[in-house]
Amino acid sequence: MRHVVPQVTRPETKPLTEPVLLILTSLAGQPRHGYALLKDIEGLSGGRVRLSTGTLFGALRRLLEDGWIERFEQEDTSRQKQAYRLTAAGRKQLQLELDRMKQLTRAGFARLRASEAV
Amino acid sequence: MKQAYKFLLLLYPRGHRDQFAEEMTSVFEEARNERHYQGWTWYVRFSFAEITGLIAGATGCWFGKRPTPEAAIANGPESTLPQELVEAQRRVDWNIAGMVQAIANHQYERARIHSDEERQARENLRLLQKKYGITG
Numbered sequence: 001m002r003h004v005v006p007q008v009t010r011p012e013t014k015p016l017t018e019p020v021l022l023i024l025t026s027l028a029g030q031p032r033h034g035y036a037l038l039k040d041i042e043g044l045s046g047g048r049v050r051l052s053t054g055t056l057f058g059a060l061r062r063l064l065e066d067g068w069i070e071r072f073e074q075e076d077t078s079r080q081k082q083a084y085r086l087t088a089a090g091r092k093q094l095q096l097e098l099d100r101m102k103q104l105t106r107a108g109f110a111r112l113r114a115s116e117a118v
Numbered sequence: 119m120k121q122a123y124k125f126l127l128l129l130y131p132r133g134h135r136d137q138f139a140e141e142m143t144s145v146f147e148e149a150r151n152e153r154h155y156q157g158w159t160w161y162v163r164f165s166f167a168e169i170t171g172l173i174a175g176a177t178g179c180w181f182g183k184r185p186t187p188e189a190a191i192a193n194g195p196e197s198t199l200p201q202e203l204v205e206a207q208r209r210v211d212w213n214i215a216g217m218v219q220a221i222a223n224h225q226y227e228r229a230r231i232h233s234d235e236e237r238q239a240r241e242n243l244r245l246l247q248k249k250y251g252i253t254g
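If you read the sequences in order, they're chains A and B.
Sequential numbering from 1 applies to the first sequence in my numbering.
Sequential numbering from 119 applies to the second sequence in my numbering.
Quick caveat, the hints were computed from the structure, so don't treat them as lab data.
Be aware that one or more of the hints could be misleading.
Stated by the list, open to error - Below, in silico cross-link-like pairs of lysine to aspartate or glutamate (DMTMM-like), each with a Cα-Cα straight-line distance of 25 angstroms or less:
(1) Lys-39(A) with Glu-140(B)
(2) Lys-120(B) with Glu-42(A)
(3) Lys-39(A) with Glu-235(B)
(4) Lys-120(B) with Glu-152(B)
(5) Lys-39(A) with Glu-148(B)
(6) Lys-120(B) with Glu-235(B)
(7) Lys-81(A) with Asp-136(B)
(8) Lys-124(B) with Asp-136(B)
Claimed, not checked - Have a look at the derived ranges for each label pair, beta carbon to beta carbon:
(9) Ser-165(B) with Gly-46(A): 16 to 26 angstroms
(10) Asp-136(B) with Ala-117(A): 53 to 63 angstroms
(11) Glu-42(A) with Glu-241(B): 36 to 46 angstroms
(12) Val-49(A) with Tyr-250(B): 17 to 27 angstroms
The C-beta atom is built at its ideal place from N, Cα and C for all residues, glycine as well.
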């Protein structure tokens, strides 16, 4: 029996979770398979974040369903080593999130400077 | 540990398993093999993180924000499905949910019973799908 799951779209302004943000950032550079993603995310976060496979593939499944990433056929692609890459929609979501964070960072620093000046 | 990992993958919905189980096992093994020399404390931390990650991931799959299979059945065009087919699917879902809960509470014997019942329920569902000419 095939379950019919209605497409659920996320509001564009909703902040991304940290694993999702890290996955999208990692894939922004180049397509990667699961283990390469884990390693790159660990490096991106300065060793602070090491995703478990359960967290990683849960996030990958949702991103595939949302159409933010897609499977990428490589010569050595097997069921055990699928590569993923960002779609145009995923790139746009990452850009929106980074813009939001940039805006927040600016506001935060501005308030810190203002409070130090007092 | 690999056997335990594969057992815990049974907590996930079948669709997720079909799509990711082999890949998840492969990534898990790569991660484990690369750093096994870091000692048993690392291995314990790694194993704990993987087990909790799998339980959380499976729970998210079943009870996350996405519509549940039951809701999808109730809301979708399949709401016209024969009642016994809907019940059979519910039986499968109920046993998997029970398995997730039992493992989260470290009740492994109960989890095994749910696992056995889930297999029977899934077989029953398969036979009903065949009876009604529905492909899984």
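A quick look at each hint next to the structure:
Note on Lys-39(A) and Glu-140(B): the hinted pairing holds, with a Cα-Cα distance of about 19 angstroms set against a maximum of 25 angstroms. Of the supplied pair hints, the one linking Lys-120(B) and Glu-42(A) holds, its CA atoms being roughly 23 angstroms apart against a limit of 25 angstroms. Using a Cα cut-off of 25 angstroms, the hinted pair Lys-39(A) and Glu-235(B) is violated, with the two alpha carbons roughly 38 angstroms apart. Between Lys-120(B) and Glu-152(B) the alpha-carbon distance is near 15 angstroms, which keeps this suggested pair within the 25 angstroms criterion.
With a CA separation close to 11 angstroms, the supplied pair Lys-39(A) and Glu-148(B) stays within the 25 angstroms bound. The straight-line distance between the Cα atoms of Lys-120(B) and Glu-235(B) is roughly 23 angstroms, inside the 25 angstroms bound, and the hint therefore holds. Pair hint Lys-81(A) plus Asp-136(B) holds up; C-alpha atoms about 14 angstroms apart against a cutoff of 25 angstroms. A C-alpha spacing of about 13 angstroms is found between Lys-124(B) and Asp-136(B), which places the hinted pair at or below 25 angstroms, so the restraint holds.
Remark: the range hint 16 to 26 angstroms for Ser-165(B) to Gly-46(A) is upheld by a beta-carbon distance near 24 angstroms. Between Asp-136(B) and Ala-117(A) the C-beta distance comes to about 60 angstroms, which sits within the given range of 53 to 63 angstroms. Under the hint 36 to 46 angstroms, the C-beta atoms of Glu-42(A) and Glu-241(B), about 42 angstroms apart, fit the expected range. For Val-49(A) and Tyr-250(B), the hinted distance range of 17 to 27 angstroms is not satisfied, since their beta carbons lie about 47 angstroms from each other.
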